[in-house]
Amino acid sequence: MNQPLLVTAAQKAGPRLSLAIGAIVLLLLIALPLLSLLPAGHSLQVSAYTLTLVGKILCYAIVALALDLVWGYAGLLSLGHGLFFALGGYAMGMYLMREAAGDSLPAFMTFLSWSELPWYWAGTQHFAWALCLVVLAPGLLALVFGYFAFRSRIKGVYFSIMTQALTFAGMLLFFRNETGFGGNNGFTNFRSILGFEITSQGTRAVLFLLTVALLLASLLIGWRLARSKFGRVLTALRDAENRLMFCGYDPRGFKLFVWVLSAVLCGLAGALYVPQVGIINPSEMSPTNSIEAAVWVALGGRGTLIGPLLGAGLVNGMKSWFTVAFPEFWLFFLGALFILVTLYLPKGVVGLLKKRGEQ
Amino acid sequence: MNLWEPALPAIGPNEHHKDPAMLKALLALLLLLPLAAQAGDADFFIAAKPNEQASLLQAWAAQPDPARLALLSAMQQGRLGADDTRKLRLNNRLRGLLDNALASHQLLSDDATLRLAAARQLQKSAQPAQVAFLDRRFAGEPDAAVHAALGLALANLQLADSNPAVRLAAVRLLGETGDPMARTRLETLLDPAVETDAGVRTAAETSLAQVKRKLLIGELLGQAFSGLSLGSILLLAALGLAITFGLLGVINMAHGEMLMLGAYTTYVVQVLVQRYAPGALEFYPLLALPAAFAVSAGVGMLLERTVIRHLYGRPLETLLATWGISLILIQAIRLIFGAQNVEVANPGWLSGGLQVLPNLVLPYSRIVIIGFALCVVLLTWLLLNRTRLGLNVRAVTQNRNMAACCGVPTGRVDMLAFGLGSGIAGLGGVALSQIGNVGPDLGQSYIIDSFLVVVLGGVGQLAGSLWAAFGLGIANKLLEPQIGAVLGKILILALIILFIQKRPQGLFALKGRVID
Amino acid sequence: MRTVPLPVVHPEFMLEPIIDGAGRDAIGLGQLRQPGLDVRHGTVLTLEDISVSFDGFKALNALNLYIGVGELRCIIGPNGAGKTTLMDVITGKTRPSTGKAWFGDTLDLTRMSEVEIAQSGIGRKFQKPTVFEALTVYENLELAQKTDKSVWASLRARLSGEQRDRIDEVLGTIRLEASQHRLAGLLSHGQKQFLEIGMLLMQDPQLLLLDEPVAGMTDAETAFTAELFKSLAGKHSLMVVEHDMGFVGSIADHVTVLHQGSVLAEGSLEQVQADDRVIEVYLGR
Amino acid sequence: MKRRSLIKAFTLSASIAAMGLSWSIQAAETIKVGILHSLSGTMAISETSLKDMALMTIEQINAKGGVNGKMLEAVVVDPASNWPLFAEKSRQLLTQDKVAVVFGCWTSVSRKSVLPVFEELNGLLFYPVQYEGEEMSPNVFYTGAAPNQQAIPAVEYLMSEEGGAAKRYFLLGTDYVYPRTTNKILRAFLHSKGVADKDIEEVYTPFGHSDYQTIVANIKKFSAGGKTAVISTVNGDSNVPFYKELANQGLKATDVPVVAFSVGEEELRGIDAKPLVGHLAAWNYFESVENPVNTQFVSDWKAYAKAKNLPGADKAVTNDPMEATYVGIHMWAQAVEKAKSTDVDKVREALAGQSFKAPSGFTLTMDKTNHHLHKPVMIGEIQDDGQFNVVWETESPVRAQPWSPFIPGNDKRPDYAVKGN
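Protein chains in written order, with the numbering used here: chain A, 6 to 364; chain F, 5 to 520; chain U, 99 to 383; chain R, 39 to 459.
A couple of the hints might just be wrong.
[To be verified] Below are the EDC-like pairs computed for lysine to aspartate or glutamate, each with C-alpha atoms no more than 16 Å apart in a straight line: (1) Lys312(R) x Glu286(F); (2) Lys353(R) x Asp293(R); (3) Lys226(U) x Glu246(A); (4) Lys91(F) x Asp293(R); (5) Lys259(R) x Glu191(F); (6) Lys406(R) x Asp423(R); (7) Lys265(R) x Glu194(R); (8) Lys457(R) x Glu333(A); (9) Lys53(F) x Glu199(R); (10) Lys395(R) x Asp405(R); (11) Lys346(R) x Glu333(A); (12) Lys236(R) x Glu347(F); (13) Lys128(F) x Asp293(R); (14) Lys91(F) x Asp383(R); (15) Lys353(R) x Glu347(F); (16) Lys205(R) x Asp237(R); (17) Lys312(R) x Glu347(F); (18) Lys259(R) x Glu223(F); (19) Lys91(F) x Glu194(R).
[Unchecked claim] Looking from chain R toward chain F, a few residues come up when the C-beta cut is under 8 Å (computed): (20) Glu67; (21) Thr68; (22) Ile99; (23) Gly103; (24) Glu239; (25) Ser248; (26) Ala262; (27) Gln287; (28) Glu304; (29) Lys344; (30) Ala345; (31) Asn347; (32) Gly350.
I should point out that these hints are in silico values taken from the structure, not numbers from a laboratory. Please read all numbers here as calculations on a predicted model, not as lab measurements. The C-beta atom is built at its ideal place from N, Cα and C for all residues, glycine as well.
Generate coordinates for the entire structure from the input sequences, incorporating the hints supplied.
Rendered as structure tokens:
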């Protein structure tokens, strides 16, 4: 399978080179939003397009990292992380809709000729409460689902299929207009956030920086976990759950913790994603998206911290370029990519780089 | 382009303005009718304005003339006569009246079955103007069945009869039918304003109760059937997966595309047959079966040899690889056949349905598919449990190394097993093409359900898949009328999740000591 | 015999049956305190009238077994006698359909989850050596170490001085100092056996269950293991399942023979070997 | 082994890069035109033909010497039926490729997702599909039908004698905004015509719903209560199973006519039309309308499909949204000619009152204020060859009412385009 965390950690921390690269990338990420503030036409000015695109990819990268925590480290492949992502997004979206609608109801409700807000919209006009929802909605769902799933030792493919069923159910639910989340259209046409014009360069830059910060934070968390005994227990859990139990560890608690943590990270990523791309709707919950997330991780290299980030970056980068360069054929490239990676790069790009490093 | 109709807002009202004029025309026609040479009818009709055409048809219906039969049946085919090339433009209203007129003409025929069909038609469409004629036929009808059918057709009209005794008889008679129409007809009679005679009203009530009971039976049977039908479709969709995933442990995300390939093969076969053997078109689905099996199985085996072979024991990697494969297959089909759906027509013996009760029609296609699904399951079971190949497959899937040691050619067995699974999916595709649309995304819509069926049934358990499929199908159909399609599906998913967490190995779990 | 690696079964693909009662204290976030074991009557393990059946086949049949404190008991018996099932019952992996199983005088094993049993002081070594292959030898021992094993604890856990000393000590006993930073997955079969034994030592349980501990060991290693077990006996109670009669003879003061899921004979090795029913079972028919 | 595969991978990506470059290197003095239609994913089924139609129209315009002496250069992107991607791609078209105008979108959600982008960057979008109205952006020109140009006339027809004088109405739709709004408007309209609520049934199915047994059974039950018509806003893919079920359960058009607002020639290609004869569709254009412009239009399209050997070219058909695309592009071109520039504000000016002789046989004009086309309404009956026989049509184009008077509160809406409504 893949390397134990300490080893990977060492391998990542070890070579100065990779550290240097990391630092440069970080600097670039911080510089990007600042450059975007330059006056239009300036030679160094970064277009809003680039900024939002990179911002979007960063959000995906966080999802990939979160997914890797449960898959790469605890060996639980979730095909339902899109759900948590979307829930976080919807929570933020609710706030943005309220902000846009002012005192009146959000547009889609008036069109359903509803007279007042459903109960679960209460308080969403307050940013603080929206933030709580961003954490609570995915967190609680993950807690309940995980509690039952792990209690009855569901793992492997069964777990994957169940998570898939979960997100599928979520999608159907949110498609319904009566559910009260704008149905198929979801939320769009946002105006402002905390009073700041959502389309203004400044807001964009800040949102971008926040995304970078969240990414760093989740990296740090992942890193700490990887280093801690907790991380080693997870690895043990992944490889020999029975042994671990006979050592006196209760796997359920460990699984649940990392599972919920991962879900919450996804939620936060979603919350940052929505204001940057300007729309959230049920298709974010479609099983396809979640599978793609798994592909990012696999491509980058599971069980490592940098891998998922690379994977998310690569796949999405290629996607948004292919879709313009050769609209009719990009699916071939994408498909071929998945196959080649699983066949020839079982440890993903990171594994490859390491091999290069060792040679 | 026909611009005969005045501007939009005028439609409703000026019908009524027209009425008197129409009536005059009608009277004139009625006088002319006996004299008018039959050949004349066609020209007469084509010349008339739509509204006059309508009254003409009504008139014909009220006073059938055997000689006109040919013309009417030709008109139903959209022509005016065997050798007449003039274009006949009908709209729904005219078609309805035409059917009615034709039916009353057919009552004159000597063929009892034809008369029966006609009588059935008249039960739906007969107009008050036809009472006199129907009365005559009813009196003179020799055949019992036709007689009864005519009786009902007549009864529908006699509800408006002036004589309470007649109405009473009619109401009693209608009580015998399970015809949904009868229900509404009787319901109107409950209102004293409509039906003055108390005796008739009470009779109507009792009859209504009878009718309602009959209808309820029909509905329940209908629900059960549609549940079975949905189940059989899920089963066909999932069966291949039960082998590739259930036995080989490959999370085959490209399974849906195997269905899709099967469906497209059906399309190609259809086109080829159309082109080279139009005579055999009726039976193209039968030809499509082996073809679809071959194509899907071939592709499956190719994939197994090239990609999946390298991934045994790494199920989650197979997930990613097969996902990539499915993307490629979909886009390939899209580029070859286009993104739009392709037309797969039901042959005659698969279209239409079997009228079991007045309110229960069982489509032939669905009946056939249920049977087909069960056959496929049976064959698969025999193949796996009664043949050498099946033995090998089971051996390999249970302990690859051991099987290899016993000299089982694991490589070939894997390939064949995967081919078998894919081939069965192809067969499923043929069936799906008969009830749904055939497009590049066909597979995507079935993949999740398929996995749920297999997991719910218990991995590696054919019987499990069988029960799971029908269980899901019926549950779905029982829920849908109550809480709607969407909530129904959501509820089902929730139930499955709960169920699996109680029985992680599905319905049919293997017991025994777990080896560490 | 099990030295050939099992068919490549992906850990993620292993499906396990659920065990009823696993529900209690499902999360285990809170620390499970290990109760002081009450062994007033001198028996550490009491199995009475235990029966287990898989779809009609009786793996254990009204089995009675008592193991005293500090005793070193060997269980022998032909294949299918139910030795491993017996261990499964004791460790809570399999639930007996009838019968009582007491750990000490107070703990009812049939009512405890695997984790609780392990935490209350029963350590088990599997037939096939199972260690955490993706971790180093050192980490393996660290995980096994007797300490607070709740989630929060392991998040904050730092190895204290004496814990390190303890690990080094055990590394010494199982002679793996040299390869303490190698991945456990890279060890030889025998070394894995030792590592697993070492992990048991780190757990420091009252009762050790050892399933064919010397399979795949060289004679020297076997002899050494024998010494090791002898030294453990007294401080701990051991229950060893073994086919290797030589090994059994070298350690056991007391032997139990299982046959068709129930005790056939009990006593010193000589007595047992003299027993003609036993001879019949092993040699006869 | 690994190594070789890698080299392969590298060469592959290299070639990709090359192709990518060759794409962007193009004729110098051109006007870039964005085409934003899904070529993959669920919506590809409907949108690919619009992309091809757009390309054909642009080719024709270039053949006639382009616009203002400049050639048009199409920039095709694939938003892959992914709504956020629509927003991203439109931003890319407007800021990176600097296109003068974008022709695209099919679903309402995709339009809603790009709308903020176009309003922010003051871009220009031509939207070619019939939709629910309730929108009027200065940056969008709607060349499809508003509800009053499609739905309401269709229902009036059903009420008329020729339509079968329906008394009860079964409103069946896929659960998203277009069907819901349309049905809301229709319900209000039916009320105004004195139809009681007990005679109106409203049912929605999820996307990609493929099992219509229960629903068809319900339709039958409902229709027993009197002359019934089904008004279907079922979305693209689900139509085939729906119609097949109708046919197999023996529900004929003479008993219960179904009038559909999203079923055109393109969709019928996927169905065996024989059992559907007599069912209706309401559009602003049918391939079967007979007039010289259309004959030219259809033959051009068939020729183009052959030349580019598009899939299924042998039975290529035209439909309403394709016509709308065609009209939209020509109108834009005319406006640019008139404005002598591609500047969005100038072009917007020039578009008001712009008129074009459309294949529908009518001269369509872009309304002076509300950014919608005046369109004729036609009702066609399905024929066994998958074509439509026009059984009714308006004498002259109808002005669009994007803010339907049947939806409360709309009376206060301005009749000219303003941002963010």
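Run the structure past the numbered hints and jot down the numbers of the failing ones, going up. Violated: hints 2, 4, 6, 8, 12, 14, 19, 20, 21, 22, 23, 24, 29, 30 and 31.
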